Amino acid sequence: MAELSSDVMRGYNDVIVLSILADGDSYGYEISRCINERSGGRYPIKETTLYSTFTRLERLGFISSYVGSETYGRQRTYYTVTDTGKSYLKEKCQEWQLAQDVIGSFINRFISES
Amino acid sequence: MEHMETNNGKIRTYLDNIFASLPKTEQAARMKEEMYCSMLDKYNGLVEAGESEDAAFGRIVGEFGSIEDIRSELQPAPVNTAAPAPAKLTLPASKETEMAYEKYRIFAAVLIAVAVILFIFAPLGYASYEQLFASETMTNFVFGSMIAVGVMLCVKAVVGREKYFELVKKPEYNVLPSPERVEAYRKFAVVRSWLMGLAVGMFVLSPFARELSGSDLVLGGLIAVGVAILIILAAVRKSYRDVVGEHPDKKD
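First to last, the protein sequences are chains A and B. The first sequence maps to residues 403 to 516 in my numbering. The second sequence maps to residues 319 to 570 in my numbering.
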């Protein structure tokens with residue numbers, strides 16, 4: 403099964419995390435599981451990638467964190483998307499569409515319909 | 319759940335090792351803690367799904383990723399937490415500052431040189447004063463005053479030093495010497511070697527001069543002047559070095 407490497411996905415981790423949080427607040431493990439499931443196992447995101455994304459997004463003000471419910475006596479850190487984060491997500495979606503169109507105009511003819 | 323406890327240590331140790339080479343900041347500690355929770359959750363999930371403990375641990379380690387990803391996002395440990403340390407600016411020294419500093423140093427050096435002369439002449443000239451004043455009180459007074467004035471001059475020379483030192487040696491700046499100063503330092507170094515030779519000559523000649531003249535004062539005078547020359551030379555040289563740094567041709 404083909405898998406995507408970190409290099410290829412480098413510019414998109416922010417968007418992926420933001421899109422998941424747009425559906426609701428979540429925490430590290432949940433988000434990682436969600437990415438694995440929704441990608442059908444094709445993007446097993448690394449722990450370090452995920453957490454450096456959290457740090458970056460929080461530093462840029464696109465997400466914020468809070469301490470949430472207790473599980474097994476331990477408190478989780480939950481992430482929530484901010485308004486700035488939502489706008490950034492929207493921008494990035496438009497950028498993705500534009501990139502798809504532009505790149506597609508070059509390589510679509512090589513893509514076999516399957 | 320038992321398996322939570324048995325492999326708790328392994329995950330913890332793994333993360334401790336990874337984070338050992340990263341800056342020890344609060345940010346890093348928080349991240350380590352969160353990653354621990356997440357890895358533990360993942361581990362438990364795998365074991366519950368039927369994997370063996372070792373296989374589960376192997377998988378979470380395999381999916382850990384590269385430490386460089388974390389390092390690039392972590393801020394370096396701050397040097398002081400109050401304010402960010404300002405970058406060292408490189409400033410050219412202002413001519414006025416350099417001149418003021420050098421003037422001050424020469425002034426201080428002259429004061430000290432005069433003080434030294436007084437210290438030397440006070441006891442030496444004692445006999446002469448006795449003849450001059452023909453009164454013991456007067457002689458002692460003169461002796462005492464010479465010493466006292468010498469001390470005052472020394473104090474005056476040292477007290478003003480800090481202020482001028484500040485002008486040149488601000489720790490936040492790397493002060494660049496002006497090219498004129500560097501040239502002047504070069505020239506001074508040449509003059510200095512001649513003058514030092516002169517001073518040494520005076521020291522050597524002083525006992526002979528004393529024999530010739532039969533006077534202690536001559537001996538004292540030559541020595542005092544020689545010492546004064548050396549003090550002033552040292553002070554001027556220091557003033558150059560404070561501003562310019564090492565001698566430009568590294569000959570000193």
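None of these hints come from the bench; they were simulated from the model. Check each hint, because a few of them may be wrong.
[As the list claims (entries may be wrong)] List of simulated lysine-lysine pairs, DSSO-like, C-alpha gap at most 30 Å:
{"hint": "1", "chain 1": "A", "residue 1": "Lys448", "chain 2": "B", "residue 2": "Lys556"}
{"hint": "2", "chain 1": "B", "residue 1": "Lys350", "chain 2": "A", "residue 2": "Lys488"}
{"hint": "3", "chain 1": "B", "residue 1": "Lys328", "chain 2": "A", "residue 2": "Lys448"}
{"hint": "4", "chain 1": "A", "residue 1": "Lys448", "chain 2": "B", "residue 2": "Lys474"}
{"hint": "5", "chain 1": "B", "residue 1": "Lys556", "chain 2": "B", "residue 2": "Lys474"}
[What the hints assert, rightly or not] Which residues of chain A face chain B? A few of them, derived with a C-beta cut under 8 Å, are:
{"hint": "6", "residue": "Tyr431"}
{"hint": "7", "residue": "Ser434"}
{"hint": "8", "residue": "Arg440"}
{"hint": "9", "residue": "Ser454"}
{"hint": "10", "residue": "Thr482"}
{"hint": "11", "residue": "Lys488"}
{"hint": "12", "residue": "Ser489"}
{"hint": "13", "residue": "Lys492"}
Keep in mind the model is a prediction, meaning the values are calculated, not measured. The C-beta atom is built at its ideal place from N, Cα and C for all residues, glycine as well.
How the hints compare with the structure:
1. A:Lys448 with B:Lys556: Distance of about 60 Å is beyond 30 Å: violated.
2. B:Lys350 with A:Lys488: 27 Å, holds
3. B:Lys328 with A:Lys448: 19 Å, holds
4. A:Lys448 with B:Lys474: 70 Å, violated
5. B:Lys556 with B:Lys474: 18 Å, holds
6. Tyr431: Hint on A:Tyr431: holds, closest Cβ of chain B at ~4 Å, below 8 Å.
7. Ser434: Because about 7 Å separates A:Ser434 from the closest Cβ in chain B, which is inside the 8 Å limit, the hint holds.
8. Arg440: Because about 16 Å separates A:Arg440 from the closest Cβ in chain B, which is outside the 8 Å limit, the hint is violated.
9. Ser454: 4 Å, holds
10. Thr482: At 15 Å from the nearest chain B Cβ, A:Thr482 fails the 8 Å test, so the hint is violated.
11. Lys488: 22 Å, violated
12. Ser489: Given a least distance of 22 Å, the restraint on A:Ser489 is violated.
13. Lys492: 24 Å, violated
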